[in-house]
Amino acid sequence: MSRPPKPLRVALPKGRVMDDALRLFARLGSGVERSALESRRLILPSTDGRFEFLPVKNFDVPVYVESGVADAGVVGLDVLGERESDVLHPLDLRFGGCRLAVAAPGETPYPYLPGSVTPRVATKYVESARRFFAARGIQVDLVHISGSVEIAPLLGLAHWIVDLVQTGRTLEENGLAVVDEVARSTARLIVNRASHKLRLEEHQRLIADLERALDSADRPSPTES
Amino acid sequence: MPTTTLARVPPGSQDLLFDDVRRRRRVQAAWFSLAEAHGYGEVIPPTFEYEEVFSRGAGPELASRLIRFLDRDGRLVALRADFTSSIARMAATRLAAAPLPLRLCYAGKVYRQEPEGGGRRRESFQLGAELIGDPGPEGDVETIRMGISFLRALRIRDFQVNLGDIRFIRPLLEGLAPEGAERLRLAIDRKDRAALAEGAREFGAPAAVARALVELPELIGRGEVLLRARSLASGPEAEEAIERLRAVDALLTPDEREHVVYDLGEIRGLGYYTGVQWEVFVAGVGRAVGFGGRYDHLLGMYGADRPAVGFSLETDALAELLPAEEP
Chain G
18 MSRPPKPLRV ALPKGRVMDD ALRLFARLGS GVERSALESR RLILPSTDGR
68 FEFLPVKNFD VPVYVESGVA DAGVVGLDVL GERESDVLHP LDLRFGGCRL
118 AVAAPGETPY PYLPGSVTPR VATKYVESAR RFFAARGIQV DLVHISGSVE
168 IAPLLGLAHW IVDLVQTGRT LEENGLAVVD EVARSTARLI VNRASHKLRL
218 EEHQRLIADL ERALDSADRP SPTES
Chain V
2 MPTTTLARVP PGSQDLLFDD VRRRRRVQAA WFSLAEAHGY GEVIPPTFEY
52 EEVFSRGAGP ELASRLIRFL DRDGRLVALR ADFTSSIARM AATRLAAAPL
102 PLRLCYAGKV YRQEPEGGGR RRESFQLGAE LIGDPGPEGD VETIRMGISF
152 LRALRIRDFQ VNLGDIRFIR PLLEGLAPEG AERLRLAIDR KDRAALAEGA
202 REFGAPAAVA RALVELPELI GRGEVLLRAR SLASGPEAEE AIERLRAVDA
252 LLTPDEREHV VYDLGEIRGL GYYTGVQWEV FVAGVGRAVG FGGRYDHLLG
302 MYGADRPAVG FSLETDALAE LLPAEEP
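In order, the protein sequences belong to chains G and V. Okay, so the first sequence: first residue is 18 according to my numbering, each after it adds one. Okay, so the second sequence: first residue is 2 according to my numbering, each after it adds one.
None of the hints are false.
Beyond 10 Å from chain G on every Cβ pair, some chain V residues (computed):
{"id": "1", "residue": "S65"}
{"id": "2", "residue": "G134"}
{"id": "3", "residue": "G176"}
{"id": "4", "residue": "V210"}
{"id": "5", "residue": "E238"}
Residues from chain G that face chain V, not an exhaustive set, calculated with beta carbons under 8 Å:
{"id": "6", "residue": "S84"}
{"id": "7", "residue": "D103"}
{"id": "8", "residue": "D109"}
{"id": "9", "residue": "K214"}
{"id": "10", "residue": "L215"}
{"id": "11", "residue": "L217"}
Some chain V residues close to chain G (C-beta under 10 Å, calculated; not the full set):
{"id": "12", "residue": "Q161"}
{"id": "13", "residue": "D193"}
{"id": "14", "residue": "G222"}
{"id": "15", "residue": "R269"}
I should point out that these hints are in silico values taken from the structure, not numbers from a laboratory. Even for Gly, the Cβ is constructed at its ideal location relative to N, Cα and C.
Extracted from the complex, chain G is given alone in its bound form (with noise of 0.2 Å):
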């Protein structure tokens, strides 16, 4: 290939999962300085210069992927449920696992309240929400919110939630259990699909390389320790 040694670009999403990808990448003798990363600044290259880390929000890192801005992304499988984003899902890197699932507090029931009442759910995970009750023929009223899910039925915004579960002391905290689980979520690498094909040879040898990582240890040196 006579194209010049560009470093493929990489979305990660600001806090634990970009830390354990950074961990695992680190692994793949493509770590980021310590300055670089206490340094706030827009790109990150990796000290052996073949990535370039890219820290976004979490549910943009597949809008960078999608359009091409990034080569590559990390992303947990719950925000790909929720942005349905043209790209490659090459692989399940094991780390970030947590689970979206149904909550309630311990008094309202489920799935059926007294009096054929429709339920309201508040969520920030809407359109999975929307597929999974739709498959269990229930009949819901969603609401959309951005933060702090846990609080809405206390509030009397919701009956139920749905929400990203990884302890429960959270829901715990606020009186509520899990009724439900809609879907269970890991990060993924994924991958922009022109990139993949005009860069194949370096898109391949990431895929393997983090397979051969994630192999060797079954998982990333977990955060909690």
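Fit chain V to the supplied structure of chain G, relying on the hints for placement.
Same frame as chain G, but now just chain V:
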């Protein structure tokens, strides 16, 4: 201001002015000069058609994106969503008696529903060519070659044609319930090995089929990938697909081969494709800028069954890549 609502255009539509127009005209002029030199004659299909012309041949994905309305007599019509569908109707009816092979080319707008906020327009320019009546690999190569020559004529250097054959994949999905087949199709399209392995397990696929499904995302590369794919071919239809791709490869020049990637997981494109099919990718554009393929049964829908192959390219994306005009 009383005119504010009148002053807006609907989302996904827009005015094109001076420079934007000039660039598109340059692309189209280069296209027609190349197409004519190859013996292709220009046709202009109607802007709207009975909607079955698009919905029956091109599959559910395009059917869900038609812009439809009721005609005076109550029949459903749709704005042109795809040139190939219209040209197939034209070639099977008005041109049914024309000597074969028939070489037709076009340039104009297509209209498709697009979700808001996705950065896509609902009307866009396309150009392309259809070769009707040539069943062989020579026909496939004639159209692929035209696409490559055209991109070169536009001085675009970094591009790839992603070439597959749907007959390699079809036997793998045979006998599945529609939802199961749809799930696997999606997993193939996303090169999602995890989902393919899970699907193969869940649907109880025979071992050879399961192996081919899981390998599919890796069956992409230069000519050598066709050899690897041959050992995974499940049955005569899949073997024909490999043989056809090898025949195409043998007809390509070394120069052209540099721009062709074989991808046995290539499943994009419209529902009427029956054999080889391809996508075109250009550096600087994040999605495919063109689709092509063989549609040997589409004309049969109109009573004149004959083999055909063709492709279309996104004029707007190519226009944006053009270098600034020389003085």
